[in-house]
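Participant: Heads up: the sequence lines are chains A and B, in that order. Residues in the first sequence are numbered consecutively from 1, following the working numbering. Residues in the second sequence are numbered consecutively from 1, following the working numbering.
Do not take every clue at face value.
[As the list claims (entries may be wrong)] Selected chain A positions facing chain B (Cβ under 8 Å, derived; list incomplete):
{"#": "1", "residue": "T56"}
{"#": "2", "residue": "A81"}
{"#": "3", "residue": "L98"}
{"#": "4", "residue": "R104"}
{"#": "5", "residue": "R105"}
{"#": "6", "residue": "R145"}
{"#": "7", "residue": "L233"}
By construction, these hints were calculated from the structure, which means they are not laboratory data. Where is the CB? At the ideal position from N, CA and C, for every residue including glycine.
Each chain, letter by letter, is given below.
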Amino acid sequence: MNVIETSGLGKRYGRTWALKDAALAIPAGYVVALVGPNGAGKTTLLHMSVGLTSPTTGQVTVLGGAPAGSPAALDHIAFVAQDAPLYQNLSVADMLHLTRNLNRRWDQQRAEARLNELRIPLNRKVGKLSGGQQAQLALTLAVARRPALLVLDEPLASLDPLARHDFMASLMAAVAEDGLSVVLSSHVIADLERMADYLIVLSHGQVQVAGEVEALLAKHRTLTGPAAAADELAERFAVVHARRAGTQAHVLVRSHQAVEPVPSGWEASPVGLEELVLAYLREPGAGALPGPMARVTQHAGIPA
Amino acid sequence: MTAVTAPAPPARAQRPIPWTKLAWVTWRQHRVALAGVAVLLGGLAVYLLVMGLKIHSAYQAVLSCHPLTSAECLVVTRPFSNYHQTALDTGVLLLAIPALVGVFVGAPLLARELEAGTFRFAWTQGCGRLRWAAAKLSLLAITVTVAAGAFSLLFRWFYQPFLDARLDGVLAPQLFNLVGVDFAAWTLVAFSIGAIAGVLIRRTVPAMAASRPWSSRAATPQASITTLPGCSASGIPARTALWLASRRSAMCWRTHRNPCSTRRTRT
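Turn these sequences into a full structure, and let the hints steer you where they fit.
Facilitator: As structure tokens, this is what we get:
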């Protein structure tokens, strides 16, 4: 089952396309990192997935075919928007009560236990909580809905390093406990490196990379060798990004097959997630849209 | 962490969230505005009640005085005719209520969510945004409309002696907006204008500012007795006291021309 599936998805604001012709099929059971620079269309994509924004073109379905924003979809998707907007003038307890009353699925015990663990007092006004505590409260409210899919938009952007760490720990605990699928966006790749096992790179409103992190890392290598011979590499590999430093060249390449011999005169080294993402973002023309993409085209007749 | 555990969303129609739960949400989020309306209307209701009792007893005194044209009765009717101007002034004051409801209950209702970004929280809950909006709008609309309706009934009772005395009719411009269904209807319209302004402007304070003139427009008396030439406000009570003596006058409702025309018919 795909937790989010889009075909030809586009959103135009005025004359600008925030997202254009996005075809994605995000399988269930992953922690998906949606990365890209500011203005790449991450929020637009997430908002369309949870039904907050309607697409200009194409369609988006969630959790195996439910239209985004439909009652069935909303029941099983929890969304934490950027800056975790909550009612500042309500107490934490009222915020729990309110969320409980707005949902069919709700686990009050779980919510209270989590807040207790985090030492967030129930009688405190939301507005009086720190930024980290508000983010944790928003996560608690989302997790207590027992969703199949948790969508988080830039959950770490406004948090200090310690709060980021704590937030990620809470999120990982929830994932381990419930086995839910997570899609989270960030413009800071380093934050996601340890936990994401599926990567989507968005750039200028286009999906540039989509795939399992492990597979992506296995397929990409940095080759170091003589700068003069760098152009020859293009015949054997898909060159993502080449960087020349004097007579040396560092070329990030994608292999066509899983195991490809290193050409003589070149030295191969594995790439990290951040390096890989940055290489793609520097080359908007390059793209790696493996496996699931092929399936999307076969699924072209998904009902709206 | 690649286990596929996500359950498929059920195909059957979902049981909707009960209204009572949504009513709690609405009450919890808007209780300050509702309490403000309650205090305002409650305070004015107490005033109307106290004044109303005085007016009713003054009217009883007028009715029990015989013969009405005697000098003693002229003295007895004076408090009652003095109350008439006060009652008219009170009515003008009450015309501000629908606008206040529009500005303080209607305008912030959705504007605050849009401004603070909390709509991104509210509209992604299992309830769905349509039911959420329907619950909030209808519950608050019903509340303010019923409150306004009850209030206009109270005002009707308060003003009834003057109507009985045929000093005014319910079609008089300064009364028409306050009695019958008009007051409740206008309150509902003002609330709706405020809510729509909130959605269109998406900012709380500008929405409140924008909805005020629109909310109060139709509730403004089209003409006022006091502003017409040759009919000074201070002259009315004395004249009406005299007019009271000739209650058989067939002209039982007063348009803005009436103070002058009554003088002509009287002489």
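Participant: Going through the numbered hints above, which ones does this structure break? Give me the numbers in ascending order.
Facilitator: 1, 7
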